[in-house]
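S.K.: Each chain, written out:
Protein chains: 2
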Amino acid sequence: MTTYDIAVIGGTGPQGKGLAYRWARHGHRVVLGSRSAERAQEAAEQITARVDGADVTGATNADAAAGADVVVLAVPYDGHDDLVASLAGPLAGKTVISCVNPLGFDKQGPYGLDVPGGSAAETAAALVPDATLVGAFHHVSAPSLWGDAEYLDHEDVLVCGDDQEAKAVAIELARAVTSRDGVDAGRLRIARQLEPWTAVLISINKRYKTRSGTSISGVPRS
Amino acid sequence: MTTYDIAVIGGTGPQGKGLAYRWARHGHRVVLGSRSAERAQEAAEQITARVDGADVTGATNADAAAGADVVVLAVPYDGHDDLVASLAGPLAGKTVISCVNPLGFDKQGPYGLDVPGGSAAETAAALVPDATLVGAFHHVSAPSLWGDAEYLDHEDVLVCGDDQEAKAVAIELARAVTSRDGVDAGRLRIARQLEPWTAVLISINKRYKTRSGTSISGVPRS
Chain A
1205 MTTYDIAVIG GTGPQGKGLA YRWARHGHRV VLGSRSAERA QEAAEQITAR VDGADVTGAT
1265 NADAAAGADV VVLAVPYDGH DDLVASLAGP LAGKTVISCV NPLGFDKQGP YGLDVPGGSA
1325 AETAAALVPD ATLVGAFHHV SAPSLWGDAE YLDHEDVLVC GDDQEAKAVA IELARAVTSR
1385 DGVDAGRLRI ARQLEPWTAV LISINKRYKT RSGTSISGVP RS
Chain B
1205 MTTYDIAVIG GTGPQGKGLA YRWARHGHRV VLGSRSAERA QEAAEQITAR VDGADVTGAT
1265 NADAAAGADV VVLAVPYDGH DDLVASLAGP LAGKTVISCV NPLGFDKQGP YGLDVPGGSA
1325 AETAAALVPD ATLVGAFHHV SAPSLWGDAE YLDHEDVLVC GDDQEAKAVA IELARAVTSR
1385 DGVDAGRLRI ARQLEPWTAV LISINKRYKT RSGTSISGVP RS
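Going down the list, the sequences are from chains A and B. Using our numbering, the first residue of the first sequence is number 1205, and each one after it goes up by one. Using our numbering, the first residue of the second sequence is number 1205, and each one after it goes up by one.
Treat the hints as calculated values from the structure; they're not laboratory data. What you are looking at is a predicted structure, and each value in this text was computed from that prediction instead of being measured. Think of the CB as a built atom: it goes at the ideal place given N, C-alpha and C, for glycine as much as any other residue. One or more hints might be untrue.
Claimed, not checked - In silico lysine-lysine, DSSO-like type, Cα no more than 30 Å apart, as pairs: (1) K1311/A <-> K1311/B; (2) K1311/B <-> K1410/B; (3) K1298/A <-> K1410/B; (4) K1311/B <-> K1413/B; (5) K1413/A <-> K1311/A; (6) K1311/A <-> K1410/A.
Stated by the list, open to error - Footprint (simulated), chain A over chain B, 3 or more residues, beta carbon under 8 Å: (7) 1293-1306; (8) 1407-1419.
With the hints as constraints, model all of the structure from the sequences given.
M.R.: Printed below as a string of structure tokens:
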């Protein structure tokens, strides 16, 4: 297994903190990023309290991104574009994994927002052309990520992107979450389907009072 | 189990014929609809040749719809709106299940088309306000449906709609395909996510030379 230096932008939110916990638990080095370095450090301490020997620290988003090989965007869609644009310098030249879900909620339930750039991942790619964007980790639920189970082994991580090498990083990082490789779902444009699929899972969760997950059958994997 | 009288509009296409085969195999009465009653009858004979005692016949789309309790729209998206409008009379008052996938293909692979009405299912609902629309059966692959396996038991049928009673029909009809109830994925609007998800599966199929399927974990079912 390759050990990665991962920055999680939005690392104090439930999805970012949950993913960071999974990666730290399985041997990666993680820096949580937040607007406030102090809040990021507090979240890092919640993880180190749970994982013996975890290498997790907190920093501002810009400092976190600057020091990492792989940067994960785990921020709300609201404000996403401005935040990504502000990080264009530290993101340049890096593998950037977006798990951003542009969702709205109304009395009919959750729904996928119209995203002018097609998807959050494509928008980030357009805002930071020197970064290599991958879409992944949209569907794993935050409470499950933060739970005690060794792996979320009934779920799959779907990965999309236009660069095979960058996709391979996300496919490998999925192992720390689900116990197996992520599924290569194709080009970055497929993020237009992956991102709003989260609305389907949230809708199912409401009906069945459960935490649903998506798994893909018929895919041979390590 | 309730035995349904099902009309499959577009019943000579691979998806429609495959679903009809599954329903006939598990005891439902099916009428395949096509523009040509003769071609519909030929497709029906292909099913009766495979299933002892199958109650499957062929008819024009309008005649098939007129005689059924449940009408399944399994037509290409190209021409969908005109066809549905032309069937407004026989569809009125019925449970109508749309498994239409509005997809495009280019050198980047498959993608979800922009549908003016949001989704094919919502468009059909707008065109025939007296019908009760449900979206379901978008993701099961045609070759698997036409295969020999008793059930596609690694896959789930996701069902959406605004009428619980109509959704319950599709949830029950899923049993003939996957061996278990379909998953209630929420309101009809969720068809905006279900329909283009097929692009993700086709994209995965190309990468892995496989027939992928979607299953939903964490949902308690009969």
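S.K.: Taking the hints in turn, state whether each one holds.
M.R.: Hint check:
1. K1311/A <-> K1311/B: 39 Å, violated
2. K1311/B <-> K1410/B: Satisfied, since the Cα-Cα distance of roughly 13 Å is no more than 30 Å.
3. K1298/A <-> K1410/B: Distance ~28 Å between K1298/A and K1410/B Cα, so the pair holds.
4. K1311/B <-> K1413/B: 17 Å, holds
5. K1413/A <-> K1311/A: Holds, because 17 Å separates the two Cα atoms, which is no more than 30 Å.
6. K1311/A <-> K1410/A: 13 Å, holds
7. 1293-1306: violated (count 0)
8. 1407-1419: holds (count 11)
When the structure is compared with the earlier hints, violations turn up for hints 1, 7 and for no others.
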